[in-house]
Structures are given as C-alpha cells and as structure tokens.
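Engineer: Okay, here's what each chain looks like letter by letter:
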Amino acid sequence: ETGVTQTPRHLVMGMTNKKSLKCEQHLGHNAMYWYKQSAKKPLELMFVYNFKEQTENNSVPSRFSPECPNSSHLFLHLHTLQPEDSALYLCASSQEVFSGANVLTFGAGSRLTVL
Amino acid sequence: AQSVTQPDIHITVSEGASLELRCNYSYGATPYLFWYVQSPGQGLQLLLKYFSGDTLVQGIKGFEAEFKRSQSSFNLRKPSVHWSDAAEYFCAVGPHNNDMRFGAGTRLTVKP
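Read top to bottom, the protein sequences are chains L and V.
Per our numbering, the very first residue in the first sequence carries number 80; after that it's consecutive.
Per our numbering, the very first residue in the second sequence carries number 1393; after that it's consecutive.
The reader is advised that the hints may include incorrect statements.
Under the rule of at most 20 angstroms between Cα atoms (straight-line distance), these lysine to any residue pairs were calculated in the SDA-like manner [unchecked claim]: (1) L:97 x V:1478; (2) L:115 x V:1463; (3) V:1441 x L:108; (4) L:115 x V:1501; (5) V:1503 x V:1465; (6) L:101 x L:120; (7) V:1453 x V:1417; (8) L:119 x L:154; (9) L:98 x L:88; (10) L:101 x L:178; (11) L:120 x V:1417; (12) L:119 x V:1498; (13) L:119 x L:167; (14) V:1503 x V:1478; (15) V:1441 x V:1501; (16) L:119 x V:1441; (17) L:115 x V:1479; (18) L:119 x V:1453; (19) L:119 x V:1404; (20) L:115 x L:142.
Derived from the structure by calculation, the hints contain no laboratory data.
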C-alpha cells in the first residue's frame, strides 16, 4: 500500500462507547497529524506528532486521546464523545513538521457519527 | 497569526467554461500557499503550492494559481472546467505544518 490509510472509513458510536481511529502512512514521513473537518468550517488541527513526540495539542478535549507508537502509525482513541464531535477526522503526514515547504499528504478520512 | 478567507462558499460553472476561485490570506511575511481539492468521500489532494520565485504556479489537472503580494491573494484558475472537477477546494497558508490555516472551502458544481 502507498500513501496514508485510515480505518475505519465510517464509525457510528454511542456517547458511552470507546472506539479508536487508526492511521498508517507508507511514505517514510516523520510527522503525523489529526485534523477535524466539520461542515461549513475550516479544517481544525487537533494534534501533531514529530518523530513520535507530540508537538501540538490544539486545546482538544480530553475525550480525544492520541497515540503515536512509531512514525508510521497514529491512533485517535475516543471515549464519552458528544454529538457535536460528529465529523470527518482526517489524518495527514509530512516529511517533517517545522517547515512549510513540506507538503501534507492526507488520508481519505474516518466519518464519525456520535448518537 | 495567519488566516485564510475564501469568499465564495459555492460556485457553479458550465462545463468548458473558465474558473477562478478566490483566496485571500493574512500573514506578515511571504507565506507558503497551497490549494487542495477534496472529492466526495475522499481526503484532501494537493493541487499546487507556492513557496517562492515565479508568482504563477502550475499544478495538476490543468490548474494554475497566481500569487499577488499587493492583493494578498492566491487565486486558483482553470481555463476549461471538466465535469470531474466538481469538488470542494481549499486554500491554505502557513509557515509551518503545525501552524497551517485552511480556508472554509469553496464547493464547485459543474453544469453539463
């Protein structure tokens, strides 16, 4: 496989459930990101990892918990979510983080619905 | 902090017609500028980018964009739109990947 792969593509969960989103990149990149895409709003950066270390937490509620076991894998653990958390969650990667010249490569996203 | 404005939420053009999508940014120095496209059910794909040099940049799928510092703009153009160009288009600006700002997007509809 090539590029950035996200699973599952669709997820429906209740507010008391615990689930996880998975992202895997096959590009040899060192930086990985989680973005939230809600209707009619700009993409919101949630978390940034550079060489497995978290470098950015954009005031995200603690019900979202990221995990980056290595430079190729990124998880977003979800628990006790709210209906307003329903959105498309996009994973992205880049060669490194502290350079705007490094282009982001996005996955297809995980569509989350919280009932 | 940098910001991006895409004034048009939705644009409809006829197939074969020309297209221009507007993007205005706010940033204190010369920015890195990007245009991404998102087809339904997909992630974002890079169309083109501007870092420095020639202010007219060419991208994939026949798109081009022009950086105009005096107008703080980076408008996307295509001379002849195809039905497959129907998608959502995002302009983005940022000095760093961890501080990149995206516009709210412009949805393009192509009429037959």
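Engineer: Does each hint hold? Answer for all of them.
Structural biologist: Taking the hints in turn, this is what the structure says about them:
no., hint, in the structure
1, L:97 x V:1478, "violated, 36 angstroms"
2, L:115 x V:1463, "violated, 30 angstroms"
3, V:1441 x L:108, "holds, 19 angstroms"
4, L:115 x V:1501, "violated, 24 angstroms"
5, V:1503 x V:1465, "violated, 27 angstroms"
6, L:101 x L:120, "violated, 23 angstroms"
7, V:1453 x V:1417, "violated, 24 angstroms"
8, L:119 x L:154, "violated, 25 angstroms"
9, L:98 x L:88, "holds, 13 angstroms"
10, L:101 x L:178, "violated, 25 angstroms"
11, L:120 x V:1417, "holds, 16 angstroms"
12, L:119 x V:1498, "holds, 10 angstroms"
13, L:119 x L:167, "holds, 12 angstroms"
14, V:1503 x V:1478, "holds, 9 angstroms"
15, V:1441 x V:1501, "violated, 23 angstroms"
16, L:119 x V:1441, "violated, 23 angstroms"
17, L:115 x V:1479, "holds, 19 angstroms"
18, L:119 x V:1453, "violated, 25 angstroms"
19, L:119 x V:1404, "holds, 17 angstroms"
20, L:115 x L:142, "holds, 14 angstroms"
In this structure, the hints that do not hold are numbers 1, 2, 4, 5, 6, 7, 8, 10, 15, 16, 18, in rising order.
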